[in-house]
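Enquirer: First to last, the sequence lines map onto chains A and B. Count along the first sequence from 1, then add 10; that gives the number in the numbering used here. Count along the second sequence from 1, then add 1; that gives the number in the numbering used here.
These aren't lab readings, by the way, just hints derived from the structure by calculation. Careful, some of the hints might be misleading.
[Said to hold, decoys possible] Computed from the model, here is a short list of chain B residues facing chain A with C-beta under 7 Å:
1. 7
2. 10
3. 13
4. 20
5. 22
6. 23
7. 24
8. 51
Keep in mind that this is a model prediction, so the values were computed, not measured. All C-beta atoms in this analysis are idealised placements derived from N, C-alpha and C, irrespective of residue type, glycine included.
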Amino acid sequence: MPSPIEAPGGDPKGGSKVTPETFALALLVASSLHIIENLLPRIPIFPWMRIGLSYAVILPFLLHFGPKAAFALFLARNGIAFLYGGQPLTTFLIGSASGFLALFGLGHPVAWAYRRGWLGLLGAGILLAAGFNLAQLVLVNMALIRHSGFYFQTGPILAWSLLSGTAVALLIRFSQAELAALFTPGAERAEQESAGREKADVRKFLAGCALLAVLFTVDAFAVQLPVLAALGILTRGGARMVFLAWPFFFYLAWLHLFRTPGQFLIGEWITREGVVQFSVHAARLANFILLGRWLAGHFPWQWAGNSRCPYLRGFLLSLPLLPALVESSLKSGKEMFRRIRAGRRQGLLAPAFETWRKRMDEASAEARDKPPER
Amino acid sequence: MFRPRKFFRPLDGLLILLIAAASIWTFRAFQLTEGSQAVIYMGNRKFARYDLAGPMRAVSIPTRIGDIGLEIGEGSARVASTPCPNGICLRTGPIRFSHSEIVCLPARMRIVLESAPAFEPGASRESGKETDAVTY
Numbered sequence: 011m012p013s014p015i016e017a018p019g020g021d022p023k024g025g026s027k028v029t030p031e032t033f034a035l036a037l038l039v040a041s042s043l044h045i046i047e048n049l050l051p052r053i054p055i056f057p058w059m060r061i062g063l064s065y066a067v068i069l070p071f072l073l074h075f076g077p078k079a080a081f082a083l084f085l086a087r088n089g090i091a092f093l094y095g096g097q098p099l100t101t102f103l104i105g106s107a108s109g110f111l112a113l114f115g116l117g118h119p120v121a122w123a124y125r126r127g128w129l130g131l132l133g134a135g136i137l138l139a140a141g142f143n144l145a146q147l148v149l150v151n152m153a154l155i156r157h158s159g160f161y162f163q164t165g166p167i168l169a170w171s172l173l174s175g176t177a178v179a180l181l182i183r184f185s186q187a188e189l190a191a192l193f194t195p196g197a198e199r200a201e202q203e204s205a206g207r208e209k210a211d212v213r214k215f216l217a218g219c220a221l222l223a224v225l226f227t228v229d230a231f232a233v234q235l236p237v238l239a240a241l242g243i244l245t246r247g248g249a250r251m252v253f254l255a256w257p258f259f260f261y262l263a264w265l266h267l268f269r270t271p272g273q274f275l276i277g278e279w280i281t282r283e284g285v286v287q288f289s290v291h292a293a294r295l296a297n298f299i300l301l302g303r304w305l306a307g308h309f310p311w312q313w314a315g316n317s318r319c320p321y322l323r324g325f326l327l328s329l330p331l332l333p334a335l336v337e338s339s340l341k342s343g344k345e346m347f348r349r350i351r352a353g354r355r356q357g358l359l360a361p362a363f364e365t366w367r368k369r370m371d372e373a374s375a376e377a378r379d380k381p382p383e384r
Numbered sequence: 002m003f004r005p006r007k008f009f010r011p012l013d014g015l016l017i018l019l020i021a022a023a024s025i026w027t028f029r030a031f032q033l034t035e036g037s038q039a040v041i042y043m044g045n046r047k048f049a050r051y052d053l054a055g056p057m058r059a060v061s062i063p064t065r066i067g068d069i070g071l072e073i074g075e076g077s078a079r080v081a082s083t084p085c086p087n088g089i090c091l092r093t094g095p096i097r098f099s100h101s102e103i104v105c106l107p108a109r110m111r112i113v114l115e116s117a118p119a120f121e122p123g124a125s126r127e128s129g130k131e132t133d134a135v136t137y
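Isolated chain B (complex conformation) (with noise of 0.2 Å):
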């Protein structure tokens, strides 16, 4: 008949532990791995989103002075084209930290970057808190 001691061994202790902690990691891996994406907004009111993962691929924004080209990807986002004669957006370069603005007045247009807190840079992926200045 069935033998009892066969069961329970000393290696299944150890796989429950692995399994145990690979399910808590993940837990934690999903939440860090939140993506950052850019909102655009035309006034008042939200545009469009993208998402900042992935290759660079040009977008173009259709505004009250003509279209606006951005190229979106890789972690960041710019502006590549402006019909805008100030350009100011043009020069700002690319953006890729959260909360990082990219603005074109004339176009009544702002590029924001957003992500999850844990995420953000500064932020201590112990406490979850992010850091709100540095001073020396």
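Excised from the complex, chain A in its bound form (with noise of 0.2 Å):
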């Protein structure tokens, strides 16, 4: 019998076989693996440096269905993270940017090299750990640094990437029966697609993108000041946002504050063109931070609501269930550790599993009974 995350009948494009009911599944498994690890702790000066446990769901998936499938997971997982969970405009970017270049560039090839057993699964999963860990550090050190030092990082961060792709392919090693049922179309679901959602203003929307593209190509204090100025009015718990984003501006005083050459201002350490360097990085990375939060508020849902992509309709039937997302996170995480400390090695993605096949079983049953609205 096949693996349960080889494409059927060994073929290679599967792509068209990714059913809403399959996809909203997934993404919520993987969003709860993504809650669980924001709960451990990380190491604090490098703090991107994460396990990645939603891998345990994605590279599955790009096994199987290939790397589009796989990128519309990865892509709708960070849309759920910066919509719900409260995460910066410049994480979701910068971490959906990476995914792009990890799973388009190495998917295939990883896939390929997969299916002809060539590659196990723990070179595909350290492969694709390395490629996103390296595509994060060149976009991060492009978009927010700016600065040659920040890539002394390559070093640790090929070593992480070692670590947390073995234990993402432990994980898959230990998960095989929910996979095996992941992959395995389910009956059709009623769809509670956008359901109660306003609609929002397309043209407030389209502003915030513009502004979004000026503040990234002008760095200008007389630009991103007033801007800053008007957004802290604007957004509500922005400061909460903004201080939470504290790994990011603690490089940018380790590289601009600190090692900005010019005239010394204070002591021997901070030079004059360094504070002006600091300042206008950390006032444009404010920027970013508070202008995603209310981009967040204003995204106009109803373009979604007539697609017929099953990725888009998948995300759609996963939203009514969102607001039980951190609950249901914590319940599986509690129980998946739990298992972890008992030696209980198979079946750690189980409940995770369990306690969204039950939900999603709930909300259908319930869109089922529910009268046709006149």
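Join the two chains, each given in its own frame, into one complex according to the hints.
Expert: Written out as structure tokens, the structure is:
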């Protein structure tokens, strides 16, 4: 019998077989794993060094359906973290772009080598982790830090990729039954897509996107500071969001405030030019974070309502279940770690899959029983 | 169900070795490429520092005898113009090695090049120790 993560019938292009139900279940489990991971402590100097637990679903998706489906899943997971989890826009943009580069750049060769038996799960996990982490490092530096010294992290990040890729491969190895069930088509569920969402003003959203582009390209104080003041007033909880992004500011201070050459201003550490560089970059970063929060609240959901794309329909299918995301994630996370401590290696992802299958069934039954609106 | 033989393949081992080697190499590479810089003193006080890396650029330093023009970049630093009648600093020419100095006594200005020990000329990359002197 073939592995659950191989394309059915040996068809390398299994992309057309993705159903909204499969996508929704995979997305909910991946989002849960993402939340569980966020609760784990991070390495202070290297906050983006994470295991990437959700790759335990994304990697099998890549090997089974191909890079397009895997990236759709990855993007949707990021979207949920951004829209519902309060993740900064910078993290969303950089994470999504890194995922795009890693999954489309390495996805086909990895899936091809795996199908031919040249690469095992371990190699696929490590290669993808290394690709993603390197892409992220380059993008963070290009977009935010803009200092070649930042690449000192290349060595630690590659070493970390070995560990995180191995952890993901083991998680997949010990969740074979759950992944096999994921790729078995289930019954069509009644769709509760975008129910109860208000229509947003498209013009406002597009204006916000244009402002984002301006902030990215223009470094001048005269642009960044007034926008920062305006966004500070408009965005609720903005100060907290900016505070949570402290690792980025730490790097900006380290590389710009303390290392920019020029005339000394404070002691023998901080130069006048360093203060200017740090201030401009910090204001721009704060603007990205605050504007991202505002854009999340003004996303025009009505755009997605009539699509027949299985990824978008799967995403919309999962939306009504998202209010229970944190509670379900905590519950399944505790169960997962309890199993690890008890030495029960098989079925590590079973609690997450069981929880979300049950909730999807309940939502489907509820939607069927609901009388049609007139 | 899942086929355990696909968890590890020989190519995985090669991949792990390659990534581990790349990781170690970048650790070492960044250790060796610590940038050298020109530190400018006014009397006993550090006044400014500039990276030697990057294209050649002009820098003006205000001193007690007037502005002294420096050219810094492409791995070296030199005095390009000075109001000092002696012009010793001007004739010193460009300096590029660690601990090299340009001194202008009338202006009480001193330019010293600094860099990380492993990057210094004459340093042994394996041991990280610098050679003190060479005699014949």
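Enquirer: Does each hint fit the structure? Answer for all of them.
Expert: Against the structure, the hints come out as follows:
1. 7: holds, 5 Å
2. 10: This hint holds: residue 10 (chain B) lies near chain A, its Cβ roughly 4 Å from the closest one there, short of 7 Å.
3. 13: The hint holds - residue 13 (chain B) has a Cβ within 7 Å of chain A, the shortest such distance being about 3 Å.
4. 20: holds, 5 Å
5. 22: violated, 9 Å
6. 23: holds, 6 Å
7. 24: holds, 4 Å
8. 51: holds, 5 Å
Hint compliance for this structure: hint 5 is the single one not met.
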